[in-house]
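Novice: One-letter residues, chain by chain:
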Amino acid sequence: MNINGEFIAFFIFSVLAIGGAVFMINLTRVMHMALALAFTFFSIAGLYVLLDAPFLAVIQILIYTGAVSILMIFGIMLTKHKDEDKVAPFTVHKLLSLLGVGGFLAIVIWIIYRNPFFSTGEPQAAAFKVTDLGKAMFKTYMIPFEVTSILLLVALIGAIVLAKREEKK
Amino acid sequence: MNITSYLALAAILFSIGLYGVITKRNAVMVLFSIELMLNAVNINLVAFAKYGIFPSISGQVFSLFSIAIAAAEAAVGIAILIALYRNKGTVEADKYNSMKG
Numbered sequence: 001m002n003i004n005g006e007f008i009a010f011f012i013f014s015v016l017a018i019g020g021a022v023f024m025i026n027l028t029r030v031m032h033m034a035l036a037l038a039f040t041f042f043s044i045a046g047l048y049v050l051l052d053a054p055f056l057a058v059i060q061i062l063i064y065t066g067a068v069s070i071l072m073i074f075g076i077m078l079t080k081h082k083d084e085d086k087v088a089p090f091t092v093h094k095l096l097s098l099l100g101v102g103g104f105l106a107i108v109i110w111i112i113y114r115n116p117f118f119s120t121g122e123p124q125a126a127a128f129k130v131t132d133l134g135k136a137m138f139k140t141y142m143i144p145f146e147v148t149s150i151l152l153l154v155a156l157i158g159a160i161v162l163a164k165r166e167e168k169k
Numbered sequence: 001m002n003i004t005s006y007l008a009l010a011a012i013l014f015s016i017g018l019y020g021v022i023t024k025r026n027a028v029m030v031l032f033s034i035e036l037m038l039n040a041v042n043i044n045l046v047a048f049a050k051y052g053i054f055p056s057i058s059g060q061v062f063s064l065f066s067i068a069i070a071a072a073e074a075a076v077g078i079a080i081l082i083a084l085y086r087n088k089g090t091v092e093a094d095k096y097n098s099m100k101g
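Protein chains in written order, with the numbering used here: chain A, 1 to 169; chain B, 1 to 101.
Chain B on its own, in the form it takes in the complex (with noise of 0.2 Å):
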């Protein structure tokens, strides 16, 4: 195994969730996705952190300190979506359009 494998996968997942991101109407849908390209940037630094030039262990703590970051962004997202839900009714992200000029 070579590190190139580890980082087309992550490029392509990474890919499928800006996809997502970008198409997906549902708001909830665009925060799995965002989740989605934060694991492919893991893939990228676990890899690094073995097969790179300069191995090192630092990859798997940045990865973690990755980990921790995408988690709290979870909580805010859905609870920004919770109370937006409560504010418009609706989930869609077209609809959110209350801050255009």
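Same shape as in the complex, but just chain A (with noise of 0.2 Å):
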């Protein structure tokens, strides 16, 4: 594989993303757990750009960096956490469960980089721009829009009711 720039974004932006993720298993306080996760969406928003994706980007940052961990952080101060700083202990349930994702991961790794599908020397790359979105979204895929605009409404009124607090009779 020939070292260009677009290789050396993709490894910074994998090694940030994949350290944010692994910060996030080991770290003890949820807040900072938070945090860790907001930075691995970060750089999923920057393995959008390298991708010929910006818009979708924005949005990443826009939605996941700031609405869902502000979300999840209001979820987290709103709740007790009484033993988070106990380091928890190494248990068998974990260690099963570090094989079987373990075994899944080498697996799907392993699918992955041995089929010929996939690897045929250097794929044509398409050139998209945001124009492109708009008139797919709002052409091709309009009924799925409007529908998705419903999914929406009906979660804010279900989260509202479901988190509201019940009347005492």
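Since the hints were made in silico from the structure, they are not lab data. Don't be surprised by glycine CBs; every beta carbon is placed ideally from N, CA and C. Heads up, some of the hints might be wrong.
To be verified - Stretch by stretch, here's where chain A covers chain B in the computed footprint (C-beta under 8 Å, at least three residues):
#, stretch
1, 34 to 48
2, 55 to 67
3, 70 to 77
Please assemble the complex out of the two chains, which come individually in their own frames, going by the hints.
Specialist: So this is what it looks like as structure tokens:
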């Protein structure tokens, strides 16, 4: 593989993303985990820029690094976390989970790298503009777009109804 | 750059998220790990949109829908978590066992 700017940028962003995710698993305080995960989301936005999806990168920063992280921090602050300073012991359950997930990852990586379907030389790359995305979104995928808006409305009302304090009778 | 690097990165992130979902006892962290898994899948979609056999903008559109649905899922998940916390007084996922037979 030749070393060029895209490779270096991919390497940096992927190391940041995986590092943030590993930190999220290993840290003990919940708020630190939230910050590590926000960092991972930010790195994934950088990967979207590399993949010729600048609109998705902006959306990723707005929705994930901004909205979802803040929502989760609200969830953390509205609940109590008593035993978060204790280091959790390494149990049999964790060992089995590690083995299972490791096996899954090994199988997936093996399939990705041995399949000649993907690795026949340098594939042709298509360049997209944001206008193409808008045309596809509002012409081809018009009905799913409207259905998504209804879904968001339902989720909004559902979240309010679920989180509302029940009246005492 | 070819597509295998992106697919491998997405697989690694997905596996880390899966490990978090299985092992974390804090319900907030389980929700976080689910978000990480959804993000890994989005990387796959965008990578196929650029480097797939048939490059197409549809991958990015699907990714946008996926982000919208993930945001709705996060909002409803936090609402359910707060309702559960109000009733049970804890965020430990192991303690939510009132549906156990």
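Novice: Has the stretch 70 to 77 of chain B got at least three residues whose CB is nearer than 8 Å to a CB belonging to chain A?
Specialist: Contact hint for the stretch 70 to 77 of chain B vs chain A: holds, 7 residues under 8 Å.
Novice: Three residues minimum, CB to CB under 8 Å: does the stretch 34 to 48 of chain B make the cut for coverage by chain A? Let me know.
Specialist: holds (count 7)
Novice: Has the stretch 55 to 67 of chain B got at least three residues whose CB is nearer than 8 Å to a CB belonging to chain A?
Specialist: n = 10 at 8 Å, threshold three: holds.
Going through the hint list in order, the structure satisfies each hint without exception.
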